[in-house]
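Trainee: Each chain is listed here by its residues.
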Amino acid sequence: MNLNTISIASLNLRLRKRLYDLFFNTHLKNNFHHQFEHFITYMIVLNMAGLVLEHIPIIYESREHLFHLFDVISLGIFTVEYVLRFYVAPEDSAFNSAKNPRFAFFKSPFALIDLISILPFYLGAFFDADLRVLRALRLLRLFKLFRALTPAVKDFREQNRGKSFRYKIYALVNETPTSGQLHQIFDFFIVVWVIISVLAVILESVHSINYHLHSEFMILDILAVAIFSTEYLMRMYSCTENPKYQAWLSGRLRNAASPTSLIDLFAVLPFYLETLLHHLFDLRFLRVFRLMRLLKLARYSGATQSLFIVIKREWPVMKASAFIMILLVMLAACLGYLFEHEAQPDKFENIPQSIYWAVVTLASVGYGDISPITPAGRAMTIVLALLGIGIFAIPAAILSSALSDQLRIEREKMMNELYHMLEDGVISAEEQELIEAEAKRLHLSKSELERLLEKAKVQMGVDHAAATSTANVGSQELDLKFLSTHPAVAAEQLKITISKLQQIMSVSSADELANYFGDPNNATPLQSALFQILLQNAEKQKGGS
Amino acid sequence: MKKNTQGIFGGMKFSDFVFLGVLIANLMLVGYLGLDDYQRATKLSQIQDNGEEIVSWFEDFSQKLESKEEVTPAACVPLGKEADVTKGAKANAWKSCAESLFAGNGPFKAYTNLLMPKDPVYAQKCDKQNLGSSGAFIFEKLIINPAGPPGVAPMGAGELIVEDMNIRLSVCDTGYYLIKIGEFKL
Numbered sequence: 059m060n061l062n063t064i065s066i067a068s069l070n071l072r073l074r075k076r077l078y079d080l081f082f083n084t085h086l087k088n089n090f091h092h093q094f095e096h097f098i099t100y101m102i103v104l105n106m107a108g109l110v111l112e113h114i115p116i117i118y119e120s121r122e123h124l125f126h127l128f129d130v131i132s133l134g135i136f137t138v139e140y141v142l143r144f145y146v147a148p149e150d151s152a153f154n155s156a157k158n159p160r161f162a163f164f165k166s167p168f169a170l171i172d173l174i175s176i177l178p179f180y181l182g183a184f185f186d187a188d189l190r191v192l193r194a195l196r197l198l199r200l201f202k203l204f205r206a207l208t209p210a211v212k213d214f215r216e217q218n219r220g221k222s223f224r225y226k227i228y229a230l231v232n233e234t235p236t237s238g239q240l241h242q243i244f245d246f247f248i249v250v251w252v253i254i255s256v257l258a259v260i261l262e263s264v265h266s267i268n269y270h271l272h273s274e275f276m277i278l279d280i281l282a283v284a285i286f287s288t289e290y291l292m293r294m295y296s297c298t299e300n301p302k303y304q305a306w307l308s309g310r311l312r313n314a315a316s317p318t319s320l321i322d323l324f325a326v327l328p329f330y331l332e333t334l335l336h337h338l339f340d341l342r343f344l345r346v347f348r349l350m351r352l353l354k355l356a357r358y359s360g361a362t363q364s365l366f367i368v369i370k371r372e373w374p375v376m377k378a379s380a381f382i383m384i385l386l387v388m389l390a391a392c393l394g395y396l397f398e399h400e401a402q403p404d405k406f407e408n409i410p411q412s413i414y415w416a417v418v419t420l421a422s423v424g425y426g427d428i429s430p431i432t433p434a435g436r437a438m439t440i441v442l443a444l445l446g447i448g449i450f451a452i453p454a455a456i457l458s459s460a461l462s463d464q465l466r467i468e469r470e471k472m473m474n475e476l477y478h479m480l481e482d483g484v485i486s487a488e489e490q491e492l493i494e495a496e497a498k499r500l501h502l503s504k505s506e507l508e509r510l511l512e513k514a515k516v517q518m519g520v521d522h523a524a525a526t527s528t529a530n531v532g533s534q535e536l537d538l539k540f541l542s543t544h545p546a547v548a549a550e551q552l553k554i555t556i557s558k559l560q561q562i563m564s565v566s567s568a569d570e571l572a573n574y575f576g577d578p579n580n581a582t583p584l585q586s587a588l589f590q591i592l593l594q595n596a597e598k599q600k601g602g603s
Numbered sequence: 110m111k112k113n114t115q116g117i118f119g120g121m122k123f124s125d126f127v128f129l130g131v132l133i134a135n136l137m138l139v140g141y142l143g144l145d146d147y148q149r150a151t152k153l154s155q156i157q158d159n160g161e162e163i164v165s166w167f168e169d170f171s172q173k174l175e176s177k178e179e180v181t182p183a184a185c186v187p188l189g190k191e192a193d194v195t196k197g198a199k200a201n202a203w204k205s206c207a208e209s210l211f212a213g214n215g216p217f218k219a220y221t222n223l224l225m226p227k228d229p230v231y232a233q234k235c236d237k238q239n240l241g242s243s244g245a246f247i248f249e250k251l252i253i254n255p256a257g258p259p260g261v262a263p264m265g266a267g268e269l270i271v272e273d274m275n276i277r278l279s280v281c282d283t284g285y286y287l288i289k290i291g292e293f294k295l
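Each protein sequence line maps, in turn, to chains D and S.
Under my numbering, the first residue of the first sequence is numbered 59, with each subsequent residue one higher.
Under my numbering, the first residue of the second sequence is numbered 110, with each subsequent residue one higher.
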């Protein structure tokens with residue numbers, strides 16, 4: 059019986075530890091902590107969206123059962139989360155020092171928020187009272203987000219202690235060594251709002267949706283403008299922390315003229331212009347420019363940045379190919395006008411109209427609204443169509459080869475960084491994070507990254523081995539992990555170290571060293587014994603010479 | 110309290126406070142302009158609701174006509190295709206019908222132009238030159254085209270109301286664009 063109790067208790071402890079390590083241990087790298095936190099965050103965001111949609115009768119009334127089902131599923135998930143956190147509380151360093159860790163967890167602010175956000179449903183299920191007011195407490199689920207935000211804020215404040223207010227703003231909106239997790243959350247927030255606002259703009263154009271949700275779209279747009287304009291001002295104010303834009307006015311102006319800043323500006327400008335000037339001009343067309351908010355995402359994508367670099371790098375070649383294209387279009391338009399004008403004066407009325415036909419033909423689009431009917435015109439069209447395939451493909455080919463070239467360069471750059479990191483033989487946690495971030499930017503899969511790492515390690519190992527075989531091997535510092543797996547190299551290294559010691563002995567004063575090592579407070583017995591051997595050896599050599 | 114304030118604002122320069130001021134001013138401006146936009150959007154939504162009631166009233170009116178029930182106002186009764194013409198009856202004009210609907214004793218007497226309270230509740234067309242048409246109901250005659258989409262013509266004051274007439278009701282929005290509410294048949 060006693061044995062049974064002990065085995066159940068130990069099983070319980072193991073299970074608790076396993077669950078904690080699997081979902082809540084922030085110090086472990088390969089667990090599901092991040093996935094679990096992300097999942098809960100997405101559920102909170104979806105719950106908030108559901109709560110908002112519940113107040114739109116046209117959406118809610120016909121789908122009431124779906125909303126209820128979603129609420130029940132969410133409640134189930136949040137309950138499981140609460141129970142799990144309660145269960146593993148004794149493993150959590152925040153509570154395990156308390157007399158009763160679970161009670162300490164229970165009365166912690168986040169646990170209270172968690173409990174209050176799920177309680178209304180259970181109260182409603184078990185008591186017959188009208189608890190609709192308590193449903194408003196579901197809003198508290200929003201505060202669950204602070205569980206992710208609070209440590210990030212704390213870490214950000216810690217990393218930026220003593221820095222100026224402007225630098226803190228800069229670190230928040232830009233990736234810097236002190237940005238931390240808070241910057242990631244900020245980026246995520248902006249990306250989510252970009253997606254929401256672009257979806258809203260697209261759905262607004264659907265009459266049947268806009269008819270019922272016009273006010274809601276309006277609120278979304280106002281919130282989006284408030285967020286994006288705040289982000290724009292933050293970027294403009296803090297840009298002087300960037301060495302490229304240091305001067306307070308000209309630096310800011312140069313920053314404002316950069317493509318990403320212009321995109322940020324165009325994302326909010328239509329709102330101000332349309333609202334302030336709608337009495338004077340019809341500025342409705344500006345609303346379409348709200349779709350430019352999608353371009354804001356370019357800031358967060360490494361792929362688009364690579365594309366911009368490629369276009370910039372290949373600009374002279376692109377210009378040359380554009381020149382050839384324009385030349386061919388003009389030539390084709392002139393010939394088309396020459397051959398077809400008389401036969402079809404309504405279609406080939408003038409050269410500008412023929413340009414449209416030439417572009418459509420050369421680009422192999424062929425709408426068919428304008429087509430040649432004269433034999434000469436048709437013959438020319440055959441040549442044009444064949445030329446068009448090649449000429450219009452040139453820029454695409456240039457871009458595609460340059461892009462793959464750029465990716466190769468970036469991978470090589472990453473390999474060089476890996477070599478650099480491996481110089482000391484180990485990859486620290488910080489270096490590992492940098493590697494993972496770079497791999498993410500280059501869209502490398504985990505297996506690809508591992509392959510590159512392995513390649514770099516082998517390469518470095520070869521370098522080490524080669525280094526030991528040369529005479530000046532003493533200058534190389536090798537790591538213990540590497541030596542433990544390479545005994546030959548370890549032996550060489552030991553020999554080098556001994557010869558170094560001999561050199562030190564030969565250039566130092568033997569009496570002073572003997573005095574120093576004679577004091578047992580200065581050296582361990584092993585060090586003293588080694589010193590005696592070296593001293594004897596040095597004296598022998600002196601005697602011999 | 111003083112200590113807290115120092116903690117939050119400690120080490121901040123004058124330019125930082127200016128930045129915060131600009132940030133708050135911008136948020137207030139967005140809030141102010143947004144509130145104005147939102148109020149107009151809710152008014153427009155109210156006008157749409159009123160428009161839906163007008164469409165459903167006309168559908169009800171049409172059903173009563175079909176079942177030969179007595180209907181009011183008489184000014185909106187359409188002229189029958191054959192029977193009324195042979196009796197020498199005169200068709201009602203749209204102007205008198207609209208006036209009887211929105212006038213003192215009409216079913217829609219309570220409706221006003223919520224966007225432009227001083228201007229009429231209905232207008233002949235949505236016109237940027239006529240600022241008062243914003244927020245007004247626009248009635249349009251639909252001309253059925255078997256080969257494609259129906260033709261649309263404004264309901265002029267003198268337009269005669271005849272049986273099987275298709276009418277589209279729209280509202281002229283803040284940007285002087287039509288928002289279709291519904292269609293009905295007399």
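Simulated from the structure, these hints should not be mistaken for laboratory data.
Idealized CB from N, CA, C, for every residue including glycine.
Please note: incorrect hints may appear among the correct ones.
[Claimed, not checked] In silico DSS-like links for lysine-lysine, alpha-carbon gap of 25 Å or less:
1. D:Lys212 to S:Lys289
2. S:Lys227 to S:Lys289
3. D:Lys515 to D:Lys471
4. D:Lys504 to D:Lys558
5. S:Lys294 to S:Lys250
6. S:Lys227 to D:Lys221
7. D:Lys302 to D:Lys558
8. D:Lys302 to S:Lys122
9. D:Lys553 to D:Lys504
[Claimed, not checked] Computed beta-carbon distance windows for the label pairs:
10. D:Phe97 to S:Ser124: 56 to 64 Å
11. D:Ser316 to S:Leu138: 21 to 29 Å
12. D:Leu352 to S:Pro229: 37 to 45 Å
13. D:Ser222 to S:Leu138: 21 to 29 Å
Trainee: Against this structure, judge whether each hint is valid.
Mentor: Hints versus structure:
1. D:Lys212 to S:Lys289: violated, 53 Å
2. S:Lys227 to S:Lys289: Roughly 23 Å separates the two Cα atoms, so the pair holds.
3. D:Lys515 to D:Lys471: holds, 16 Å
4. D:Lys504 to D:Lys558: violated, 43 Å
5. S:Lys294 to S:Lys250: holds, 10 Å
6. S:Lys227 to D:Lys221: violated, 58 Å
7. D:Lys302 to D:Lys558: violated, 48 Å
8. D:Lys302 to S:Lys122: holds, 22 Å
9. D:Lys553 to D:Lys504: Violated: Lys553 of chain D and Lys504 of chain D sit about 40 Å apart, past 25 Å.
10. D:Phe97 to S:Ser124: 56 to 64 Å: violated, 42 Å
11. D:Ser316 to S:Leu138: 21 to 29 Å: Holds - the Cβ-Cβ distance for Ser316 of chain D and Leu138 of chain S, about 25 Å, lies within 21 to 29 Å.
12. D:Leu352 to S:Pro229: 37 to 45 Å: Once the Cβ atoms are compared, 42 Å apart, the range 37 to 45 Å for Pro229 of chain S and Leu352 of chain D holds.
13. D:Ser222 to S:Leu138: 21 to 29 Å: holds, 27 Å
Checked against the numbered hints above, the structure breaks hints 1, 4, 6, 7, 9 and 10 and satisfies the rest.
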